[in-house]
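With chain A fixed as given, assemble chain B onto it according to the hints.
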Amino acid sequence: MSFPIQTAPPNLAVVRIGRALDFRNAAEFKAAYQQHIQNGTRNFILDFSGTGILDSTGLGAIFSLYRQLTPVNGQVVFAAVSRPVQVVVQLTRTYKVFRQYPTVEDAHQHLIGHVSTV
Amino acid sequence: MRIVQQVFSADPSAIDAVHDLFARLETAAALPLEDFALEVMKLSVHEWIANLIQHADFARHNPSIHLILIPKTDGVQCMIQDNSMGFDFFHQAALQEEYLDEAEVIPARGRGLLMLIACTEDLKYRQLDSTERNQLEFFISRTISFSSTSADLFRSKATFSDPPPLSCTDREAA
Chain A
25 MSFPIQTAPP NLAVVRIGRA LDFRNAAEFK AAYQQHIQNG TRNFILDFSG TGILDSTGLG
85 AIFSLYRQLT PVNGQVVFAA VSRPVQVVVQ LTRTYKVFRQ YPTVEDAHQH LIGHVSTV
Chain B
5 MRIVQQVFSA DPSAIDAVHD LFARLETAAA LPLEDFALEV MKLSVHEWIA NLIQHADFAR
65 HNPSIHLILI PKTDGVQCMI QDNSMGFDFF HQAALQEEYL DEAEVIPARG RGLLMLIACT
125 EDLKYRQLDS TERNQLEFFI SRTISFSSTS ADLFRSKATF SDPPPLSCTD REAA
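Respectively, the protein sequence lines represent chains A and B. So for the first sequence, my numbering puts the first residue at 25; every next one is plus one. So for the second sequence, my numbering puts the first residue at 5; every next one is plus one.
Please keep in mind that the hints were generated in silico from the structure rather than gathered at the bench. Computed from a predicted model, the values in this text were never measured in an experiment. C-beta: ideal position from N, C-alpha, C; glycine also.
Here are the computed distance ranges between Cβ atoms for each label pair:
#1 B:Ser134 to A:Gln62: 52 to 60 Å
#2 B:Ser134 to A:Gln92: 45 to 53 Å
#3 A:Val96 to B:Gln10: 45 to 53 Å
#4 A:Ala56 to B:His65: 33 to 41 Å
#5 A:Ser26 to B:Ser13: 22 to 30 Å
#6 B:Gln81 to A:Gly137: 43 to 51 Å
#7 A:Ser73 to B:Arg6: 30 to 38 Å
#8 B:Glu30 to A:Gly137: 35 to 43 Å
#9 B:Phe91 to A:Ala51: 19 to 27 Å
#10 B:His65 to A:Pro34: 53 to 61 Å
#11 A:Pro33 to B:Gln10: 46 to 54 Å
#12 B:Asp20 to A:Ile29: 22 to 30 Å
Same shape as in the complex, but just chain B:
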């Protein structure tokens, strides 16, 4: 399987381009990921690029986002590079964690970083030494279960606790 690379602009149109890319990759079975893992990969890329579009400061450069997907024997390594000013990923994630218990006063957003941390492996964020680019890097295993990746990101007094559904309409139709 080949390395997949694509450059996106840092504006909302990038989101449709990301989903178009993953639709093509799914059709071509171009990534060694089972269905659930592929959805998690797509969601992770979406969340990070959405975060860059909404919050990153690209003031000094022509904004660009470079996605690199490297197929491995047991999953896919993902790297997302950008030329923004960067930001303190883990500090922001810690703030989001604090906000979880204050859901009544904090707007119902700002959980994307926690979702990323919960559903990926070996997540790293750093500025690349040789350039002024920043890189988010993580791994998605070929087979993952939701129990190992989920997190209670919308804490509430849950009204019931049905077991997670095992199927959904897309799969039933397949």
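With the rest of the complex left out, here is chain A:
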């Protein structure tokens, strides 16, 4: 399993989570975003369309990303959240931390506005 990441100006990346983000591939996910942070990416859209599995380890990896970006004014937002992902977000109350958008395009518009006002 891999995590295709598409970059876009300004300092923005869209990560397609795919079928699953759990204990089996959380380390791979971390390695993927780490490389982009080192290259200057500060805002991440996580595309959950078609994601059937998100477990506590996967959510923990997302939280690690959030912790790295918060001090540098970065953001992590969720797009196209599937039902299994929504259940985890609700159970863990992480909707308080990660804004959600119906589509990647909607999230992109929000982040462009955010970056331009920083």
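Okay, now just chain B, sitting in the frame of chain A:
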């Protein structure tokens, strides 16, 4: 509705098998659970089996995990038996609870047990008397609300507090 039973190996392939099983059960409407409750049941089984795969010591046996789902009038009783050496569930859960306030120094994992405790009812973990097997047992009600099951498992200085979303893309498409 019939009792559902399946035996899994204790390796990562078990996770896909668990999700395949729940996909079949959902299609067949084989469990008396509404959508949210079914997702909570699936997640709970996933978290426990993931925990066994990652942390249990199966040294003395050929590793196996036995899932039993018993439909009741008001929900589903779940039992997950394994032949590992077992471990101190509630001690480990207490450690995870302590770690919540040390999120900056503790790796961002190890919240699965707390999630299990938060989203299930009547959770018990014990060694079965007649065998050397261990059993995790819990109940999921037919209808549950997230407000009664959620827990702040990733404590942080939250940036905002929007109300929880009422829908998601799967439901909107349905």
